[in-house]
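Student: Heads up: the protein sequence lines correspond to chains A and B, in order.
Numbered per the UniProt record's numbering, the first sequence spans residues 1 to 269.
Numbered per the UniProt record's numbering, the second sequence spans residues 1 to 269.
If you are wondering where the hints come from, they were derived from the structure by calculation, not from laboratory data.
For identical chains, the list gives no copy identity; a pair is met inside one copy or between any two copies.
Straight-line Cα separation of at most 20 Å, SDA-like style, residue types lysine to any residue; simulated pairs:
1) Lys142 to His223
2) Lys101 to Glu160
3) Lys101 to Asn116
4) Lys253 to Gly115
5) Lys190 to Glu176
6) Lys156 to Gln111
7) Lys101 to Thr161
8) Lys179 to Asp68
9) Lys31 to Glu43
10) Lys101 to Gln55
11) Lys31 to Gly74
12) Lys142 to Gly162
13) Lys190 to Arg77
14) Lys24 to Gly74
15) Lys101 to Gln112
16) Lys214 to Ser173
17) Lys142 to Thr161
18) Lys156 to Gly117
19) Lys253 to Asp222
20) Lys156 to Glu218
21) Lys203 to Asp68
There are 2 protein chains.
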Amino acid sequence: MASVLQLFRASKKQKIVDMAAAEKPLSSGDKTQDKLQIDELAEWIAESQDILYAQRRHKLLIILQGMDTSGKDGAVRGVFGKIDPLGVRSVAFKAPTPVEKDHDFLWRVHQQVPGNGELTIFNRSHYEDVLITRVHDWIDDKECARRYEHIRSFEKMLSETGTVILKFFLHISSDEQKKRLEERIADPDKHWKFDPNDLEERKYWNDYQRLYAKMIAETDADHAPWYVIPADSKTHRNLAIASIMVETLQKLKLAYPAGNSEYAKLKVV
Amino acid sequence: MASVLQLFRASKKQKIVDMAAAEKPLSSGDKTQDKLQIDELAEWIAESQDILYAQRRHKLLIILQGMDTSGKDGAVRGVFGKIDPLGVRSVAFKAPTPVEKDHDFLWRVHQQVPGNGELTIFNRSHYEDVLITRVHDWIDDKECARRYEHIRSFEKMLSETGTVILKFFLHISSDEQKKRLEERIADPDKHWKFDPNDLEERKYWNDYQRLYAKMIAETDADHAPWYVIPADSKTHRNLAIASIMVETLQKLKLAYPAGNSEYAKLKVV
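Could you build the full structure based on these sequences and the hints that come with them?
Tutor: In structure tokens form, the structure reads like this:
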């Protein structure tokens, strides 16, 4: 069977818009069956996290990017929801505070990176500083190019100091976003998730798609790969992310540290 | 008059040991006169900090490195002591804590960098991670080379995001260190400053000198210059650092932000 890492790995020359957001290459064709498989994978991921923590050798950083409604929150719940809350930390980066704005754009991000044995999920990240900021011309191409260089150096440093980085771009179609926004508007129980500003951002759809492609071209690397996840189907989105997580964790060859034979001689009095 | 920035700027090919730690090129020849001048410069620096804070455009980062007893604490007091405590922050980096060790070596450092309008002094810094760590073979040359690359990228990023960086290497002679350590041992009031481990580190004197030269060669840059300060004389050390600070601040063309003419119309009731 082909590696799922290869299957979803972004190609530098790829234009995001060329890809079908509705693709479901991993699906069995049966949604119930797919969901059972996600549960199994999520369980396996939870067990692996326990070993990751015990071993304290690797740092695991997951970065989620995507348009509004692309399912970043849903992916965190569906793929990482079985992990002991003690063992996972999800960080949502919002619009920067005044104090954060007074520092370089990586300042608040660097503070949140995982330590040895930790698994941290960035729900949005430093990539917003080359996306929404560029879409609205808050920064120009020259500043954007500088930031890409800083991001590449930063991720290389993280990688060389023991961080395993996985970057997921959740790819939805414009039609699917329309549907999801309409659902949020129609259902009062979903109003808390709806921000009228999302409709404003939607007007920049094409600019965002162009900039996502640039983001991938500028920062995809073997030590910090981008995976493009077709995300019109929520089930397949989680199946794809969970499968990539499992294959990545398997490659780490996680194992509990060796026991200490001296301990057997100890008496608890 | 020649620029003091040029006078003390490290040369990449320089061997530290070639320099006389006892040099006093800025001295008037009269210690009382020199001290008066330091006071004047320190006063000017304090006033400039007030404008720096009001303007909130620049971030100012001072890095102090040097052997034990080279006068890092003394320089902070003598040069920056007249600044309003609200306007200056001195950060002493000690041996890393377990949590700090679980992260990359720049993690704790990045958290402490100045924001807009702030002046921050690093008393020791990320450079310890290529100095004491290398002297004791806790890292090898390959890891050391990686760290130098990370440091160069980090400082370039700080510079490009508005940080003015000044790095001071306080250069003392082996004889002067011996004298100062003996004073600390002889005077009970100085015992709190004495750490028996300083005598152990002193045995690696030549290794440290070689590594300081390498540090300068690897990381001196126009946007993050190293200044080598002859520091056998405490008075001249402060005179040199204060002079470099003043010339650097002058180049920033600091100015209070323009007043708001509308404010004159306001009434306080």
